[in-house]
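A.B. asks: One letter stands for each residue in the lines below.
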Amino acid sequence: MAKARVGVYICHCGSNIAGTVDVLSLAQYAATLDNVIVAREYRYTCSSTGQEMIKRDIQEFGLDRIVVAACSPRMHEFTFRAVLAEAGLNPYYLNVANIREHCSWITKDREVGTEKARHLIRGAVARVVWQEPLEEREVPVNPSTLVVGGGIAGIQAALTIAQAGYKVYLVEKDTSIGGRMAQLDKTFPTLDCSACILTPKMVTVAREKNVQLLSYSEVVDVSGYVGNFRVRIKQKPRYVDLEKCTGCGECDPVCPVKVPHEFDQRLSQRKAIYRLFPQAIPSAYVIDKRGVSPCRAACPAGVNAHGYVALIGEGKYEEALELIRRDLPFPGVCGRVCHHPCETACSRGEAEGAVAIAALKRFVADQAVPAAFIPPRPRGEKVAVVGAGPAGLSAAYHLTRNGYEVTVFDALPIPGGMMAVGIPDYRLPKKVLQEEIEYIKRMGVDIVPNTVVGKNITLEEIFKRGYKAVFLGIGAHRSHKLGVPGEELTGVLQGVSFLRDFNLGKKVEVGRRVAVIGGGNTAVDAARTALRLGAEQVTIVYRRSREEMPVNKWEVEEAEKEGIAIRFLAAPTWILGTDRVTGLECIGMELGEPDQSGRRRPIPIPGSSFTLAADTVIAAIGQAPDLAVLGKAVKATGWGTIEADPETCATAQPGVFAGGDAVTGAATVIDAVAAGKRAAESIHRYLQGQDLREGRTFDVPKELIARKELAEDMEYVPRQEVPTLPITERRSNFREVELGLSEEMARREAERCLDCAACAECLQCEAACGPRAINHQMKEEYIELEVGTIILATGHEFYKPQGLPQYHYGRFPNIIDSMEFERLCNAAGPTGGEILLADGRKPESVAFIHCVGCRDAHSNTYCSRLCCMHAMKQAHLVKEKTGADVYELYIDIRAGGKGYEEFYERVQREGVIFIRGRGVEVIPVDNRLVVKAEDTGLGRPIILPVDLVVLVTGMVARADTAEVAKTFHVTRDKDGFFLEAHPKLRPFHTNTDGIFLAGTCQGPKDIPDTVAHANAAAAEALSLLGRGRVTIEPIVAEIDPDVCAGCKVCVELCAYSAIEFDAEKKISQVTGALCKGCGVCVAACPTGAAQAKHFNDVQIMAEIEGVLA
Amino acid sequence: MSQEFEPKIVGFLCNWCSYSGADMAGTARIQYAPNVHIIRVMCSGRVDPSFVLKAFREGADGVLVAGCHPGDCHYTAGNYKTLRRMPLLAKMLEQFGIEPGRFRLEWVSAAEGAKWARVVNEMTATVQKLGPLNWKNHVRHT
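Residue numbers (our numbering), protein chains in the order written: chain A, 21 to 1129; chain B, 156 to 297.
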């Protein structure tokens, strides 16, 4: 290799470099370095004369390498590369030593600066010798632009580009374009109405044929490079068809759910189906769904508790009942006896108490008449159900709704299973159950009583009769034995059969002293029934403590109120008596380690025996299904229950399904109903030849459950307590104990609902929508786009004053922030444009505290630029609308802008009082607010009593800026805004070529500046689009095929899939167009085959040697 | 210059975040130790461990590698590779007898001029305490 001929040019940069670095001695030093032919210093090397000097030297001295020691290469590398090119040298023979930003500007010590510059120049000279000529690539530019953000900046940029004839995709995260400007009332200094100047632009952009508006959408991924970006966009489900919705608003009044309206800064409420503001674009409505409300998710049968509670709140009882009956044929039953897991899950339970959901269900079941069943088109297939309990009837109900013909075979003379023969009348009046079963019969379900399957008819015979599937819901009606001596004595009864006999109207007798053994619902039901049958003394004996009792805790409370005694931690060991029971010998227990059920295992305490006098003993320690009659037709588990899939209800035998107590052992009505509903779906799928599980979820996934975060200032509203029958009126009769809620109570109770998931899916909107635009099943969609340039116009947020506790924002009324004030004086806002205090009065004095969240070490140090003007405009509006005294507590007035200073003078003339000094604290005193401030004019603290305080908050970077920055590979500044490529010369470029910034995402701006910035970004994009081609730096990786060992380490490391393995040649190859030149593969290559152009090992090693020499 | 030992430190900085961060420190006229000589690479993931070894062999008393914060990489994930490589290298350097304070990996964003200055000051002070490394002579003579 011929010896390189290097020229070194040391720039003074005026005094920027020369002030701290001895440029003269540096030039002398550089001239002594190996390969250096000429070294000069010059005042402004980047000037045209400086450039000419280099060109001249190249020609005159035959230079083939150039080192410029000047400012950062990020500033002028391109300038000097062009100089080389103009002089006929390959531009990549240039190296820039950064002796300004990294050297002269970081020290004032001339000796230190010069010494450091010497090292850097040595490194640059050593490196440049090894630099190689590179050819720049030119690629086409896709003639379309992505604009992210539909505020005024995005709208402006999109319009400018589209009107120049290029395609624009305008992506807006919210449901409408318009952004912050749409929320403003008047704009300073001209006082024209914000909406009046914005909305025509919104309409124009929506109608512009070159603009494709993607509202309610977010960019999730960006790949590719300048001119050729690939973008993935998520379109969130609107649940309203954009094409079909006419924006008529018929859905709005029928929606029962109200949530705080973000557009009005939560000062008003909107419905779950809403339009952001009247002039929204697109004008289509949208449904706010935040998942599944916890109550609904907790219901085993998936009953939409949130939905019917919301409808009850609106007085829509029939609709509420219909909604319940979609999932549950027994609203009246479950409203009374359900253990209501919905209430356990209720978010309000974390505050003053869960919403009384079960009582509301009962109310609506008692209040409303179910709509007549409209039979679907018959499918022509017959299904048999065995057992007319909650599981069987639920299966029959759902199958019938789906068009199947259902026959229910039941062993008992009356239908209802345990609901009929297990639950006593004082909890569930027969009439309620009968009405709900009658409804099922009216639907066409044939219930055949007194038919024991296995005895009167076999499963085989059922199939032979043409039934295509069978559901076994035979319940658990066989009691467990106590297993103690004396069980055969007269006066010993089984809980289940005792209740069954009584409920079937058979004669049952109890003595004066009754002992009931067990802790479940059957035990307590038996005890309370015995009491009503005339027993004088009823004692429940339970082997664990109160906490472990499986029975509903409110049942125990009622039982105790009625005078029933409970002996906890005791178990029977012997039933005493010769032929009749005379007593019960028990032993005391203590609790040991938890057993399989998770409850602590009871252990007998030796020597703790005691005797209980009793003439009747009722054993209620558990029950199991009676599988004996079914014989080998079904497989039993070790627990004596039917073996079946707990989710699909399928058994091992095709076409036979099972669920409810028969599978789970004794459980609850709602669990059985849920099993019946699941089985109905499985049977349908089985009969249609579909997979039993595909696309089906059995439990609501945890991440979909919309738990409500309770607000600190949430109003406590006590739960409505259900009135009960007085204790004295309960003995010797079976009148219902719980009397139910009155209409007024129900309405009040329903209003306690917090609407956790927002949309309750009550489906009222669906019914109200004429054009049938509503689709509650809508799913998110993804769109892939290819664009040449990208403009980020994602906007800003306002500082949230909660961060500054001295202002008590959010804790007292009448302390508001600028945007709340903006809504308050907006004619379309919550007060219709009247500036009112929280209690509806007009304020007589208002204080504006400037610089909240700005120019303050506790929040942000920068000045947000426009807030002074914002506050003055608002002061003017206060004066105009209320005539109140207005104080502006400012630090400095920033009124730089066309007509701004004049506006400042105008509001002073209007009588607004300006006090220079920071508002220090706001203290609520009685009905007013006292502002403590400093008056720097007077030089002393002052106190201002006012009615309303407006905290003038500054613009801050959006909370999601970091995330967006990652998606687009752009960087952020110290305050979180997107970082421009150069603060002065490239204020709308990012460091990623082809991605530009528009508006306040780059930093605080007022509207005129935002529009100008947006148009500038659009011009940059247009410049690329107009050229149609773009040059790309040739700084990419390459793999030497002769050295590559084919290990493929690089292939895995490449983030851009730019390296492919050629299986034939057994080597890896770089696809230049995809490579971005990071050099990750190069650092990992074990053979050195991979090299980064312009950053190869030799060049960097030489630079290391140079700086350290 | 003071008579105190002035360490020579080589800094490998990624073009997009840390190099810009160092530019930012200069633009803000933050005065800090001049001891780090910056070598620009496109991505901290380009830093071959042999660069670090080379710098020590050529007489560096310390080596500093700086890149974008994890998750902020201009090249999506190059700095994650750095995050995996450099701790392994640090272990090896320790086995070579190079004290841990002489090698440092830092994340400096384009906005963190002040952080860059602080990191350089800290590292300079640390290496100053450790004294000259003299690996150059040591390696060449054995």
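Rather than coming from a laboratory, the hints here were simulated on the basis of the structure.
You may find that some hints are simply not true.
Unchecked claim - Not close to chain A: a few residues of chain B, all C-beta gaps over 10 Å, as computed:
1) 159
2) 160
3) 181
4) 193
5) 194
6) 203
7) 205
8) 227
9) 245
10) 248
11) 250
12) 273
13) 286
14) 292
Unchecked claim - Just the calculated beta-carbon pair ranges, DEER-fashion:
15) A:961 x B:273: 31 to 39 Å
16) B:280 x A:965: 48 to 56 Å
17) A:1072 x B:273: 34 to 42 Å
In this text, a Cβ means the ideal position worked out from N, Cα and C, and glycines have one as well.
A.B. asks: It remains to establish, for every hint, whether it holds in the given structure.
C.D. replies: Tested hints:
Its beta-carbon lying about 12 Å from the closest one in chain A, residue 159 (chain B) satisfies the requirement of being farther than 10 Å from that chain. No Cβ of chain A approaches the Cβ of residue 160 (chain B) within 10 Å, the least distance being about 14 Å, so the stated non-interface status holds. At roughly 3 Å, the least C-beta separation between residue 181 (chain B) and chain A is not larger than 10 Å, which violates its mark as non-interface. With 10 Å as the threshold on Cβ separation, the claim that residue 193 (chain B) sits away from chain A is violated: the shortest Cβ distance comes to roughly 6 Å.
Residue-level check failed: residue 194 (chain B) sits 5 Å from the nearest beta carbon of chain A, not beyond 10 Å. Against the 10 Å criterion, residue 203 (chain B) falls within the reach of chain A, whose nearest CB is about 4 Å from its own CB. Listed as a non-interface residue, residue 205 (chain B) fails to keep its Cβ farther than 10 Å from every Cβ of chain A; the least gap is roughly 8 Å. At roughly 6 Å, the least C-beta separation between residue 227 (chain B) and chain A is not larger than 10 Å, which violates its mark as non-interface.
At roughly 16 Å, the least C-beta separation between residue 245 (chain B) and chain A is larger than 10 Å, which holds for a residue marked as non-interface. Against chain A, the non-interface label of residue 248 (chain B) holds: every CB pair exceeds 10 Å, the least being about 16 Å. Residue placement check: residue 250 (chain B) keeps its beta carbon more than 10 Å from all beta carbons of chain A (closest about 20 Å). Under the 10 Å C-beta cut-off, the non-interface status given to residue 273 (chain B) relative to chain A holds; the minimum distance is some 13 Å.
Distance to chain A confirms residue 286 (chain B) as a non-interface residue, since its nearest Cβ pair spans about 17 Å, more than 10 Å. Residue placement check: residue 292 (chain B) keeps its beta carbon more than 10 Å from all beta carbons of chain A (closest about 13 Å). Take residue 961 (chain A) and residue 273 (chain B): their Cβ atoms lie about 37 Å apart, and the range 31 to 39 Å holds. At about 55 Å, the beta-carbon gap between residue 280 (chain B) and residue 965 (chain A) stays in the expected band of 48 to 56 Å.
Our hint of 34 to 42 Å for residue 1072 (chain A) and residue 273 (chain B) holds, since their Cβ atoms are close to 36 Å apart.
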